[in-house]
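Counting with the working numbering, you get residues 724 to 953 for the letters of the sequence shown.
It should be emphasised that the hints constitute simulated quantities derived from the structure, not laboratory data. Watch out, some of these pointers could steer you wrong.
Cβ pair distances, simulated, as ranges [stated by the list, open to error]: (1) Glu748 to Gln894: 44 to 54 Å; (2) Arg853 to Glu729: 41 to 51 Å; (3) Ala883 to Ala734: 41 to 51 Å; (4) Asp932 to Arg862: 23 to 33 Å; (5) Arg735 to Phe915: 45 to 55 Å; (6) Glu729 to Phe915: 51 to 61 Å.
Straight line, CA to CA, 25 Å or less: simulated DMTMM-like cross-link-like pairs of lysine to aspartate or glutamate [unchecked claim]: (7) Lys778 to Glu748; (8) Lys778 to Asp768; (9) Lys947 to Asp897.
Ideal Cβ positions, reconstructed from N, Cα and C, are used throughout, including at glycine.
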Amino acid sequence: MQTHAEQVKKARKEKLRAAQLAYLETVERERQLTPTEIARLFEGDPSTLTRFRNKAGYNGTLSARTIEMIEQATGILAPPEAHGRRGRAALAEQTPSVPPQGFAEHEGEPYTAPIGDPMAKLVTAAVAGRVHVAPWTLRTRALEDEGYFPGDVVIVDMNAQPEAGDIVCAQLYDFERPGQTRTVFRLFHPPFLVGASKEDNARVPQLIDGTVGIKGVVELAIRKPRRKGA
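With these hints in hand, go ahead and build the complete structure from the sequences.
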């Protein structure tokens with residue numbers, strides 16, 4: 724007979740596995756990829772995902788690190804419950820409730836489709852079968868003079884080499900605060916990233932140096948239909 728502690732542990736593991744399965748199914752559906760193709764995106768062992776997903780009688784779970792690698796490779800964030808206790812603790816440590824000085828909130832986030840989102844089909848069509856692109860939802864007015872607004876979904880080509888005038892997704896690194904980065908969207912005008920907005924922080928040129936990593940080039944934007952009279 725199982726002890727109460729063992730029953731709690733088993734129930735927790737089953738809940739974690741269910742959350743991870745649901746997340747993996749979402750990634751497969753949204754990116755139209757098999758578990759093997761997903762694993763290859765981050766150079767992982769395909770058997771890790773295929774065994775977890777398909778092996779009869781297997782009741783293991785994925786590590787928090789594997790979940791993080793899937794997120795980074797596909798641009799689809801997992802729900803907190805799919806990370807497990809250790810993963811949630813690490814996320815809490817890495818995500819301060821107040822952004823560090825000089826490091827405001829991210830200017831975008833990986834797109835996840837809310838139920839009934841009218842843009843979901845358009846986004847899915849834009850990324851279908853293209854493992855090198857990822858959709859992001861803008862959370863900034865830094866490019867409003869270029870016609871990009873908060874709430875727009877931009878498709879980022881992570882293999883493209885930027886040319887002057889391109890809009891890019893970049894990460895700014897703070898080496899005095901290990902693990903702290905900020906995602907921004909800017910115009911690429913080497914040797915600077917520049918904004919196109921009346922906002923003061925967007926107008927300040929960002930020198931492209933060792934603290935800046937270009938993640939990809941924005942190839943198109945999808946805007947949620949406005950309601951009449953809005």
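Status of each hint after checking the structure:
For the pair glutamate 748 and glutamine 894, the beta carbons lie near 29 Å from each other, so the given range of 44 to 54 Å is not met. The hint said 41 to 51 Å for the Cβ distance between arginine 853 and glutamate 729, and at roughly 46 Å that hint holds. At about 46 Å, the CB distance of alanine 883 to alanine 734 agrees with the hint of 41 to 51 Å. Taking 23 to 33 Å as the suggested C-beta distance range, the pair aspartate 932 and arginine 862 conforms, at roughly 25 Å.
Against the hinted window of 45 to 55 Å, the Cβ-Cβ separation of arginine 735 and phenylalanine 915 comes to about 49 Å, which satisfies the hint. Separated by about 59 Å at the C-beta atoms, glutamate 729 and phenylalanine 915 satisfy the suggested range of 51 to 61 Å. A threshold of 25 Å between alpha carbons decides the hint, and for lysine 778 with glutamate 748 the separation of about 15 Å falls inside it, so the pair holds. For the hint linking lysine 778 to aspartate 768, the alpha-carbon distance of about 15 Å falls within 25 Å, and the restraint holds.
With a C-alpha separation of about 34 Å, the suggested pairing of lysine 947 with aspartate 897 is violated against the 25 Å cut-off.
Comparing the model with each earlier hint shows violations of hints 1, 9; every other hint is respected.
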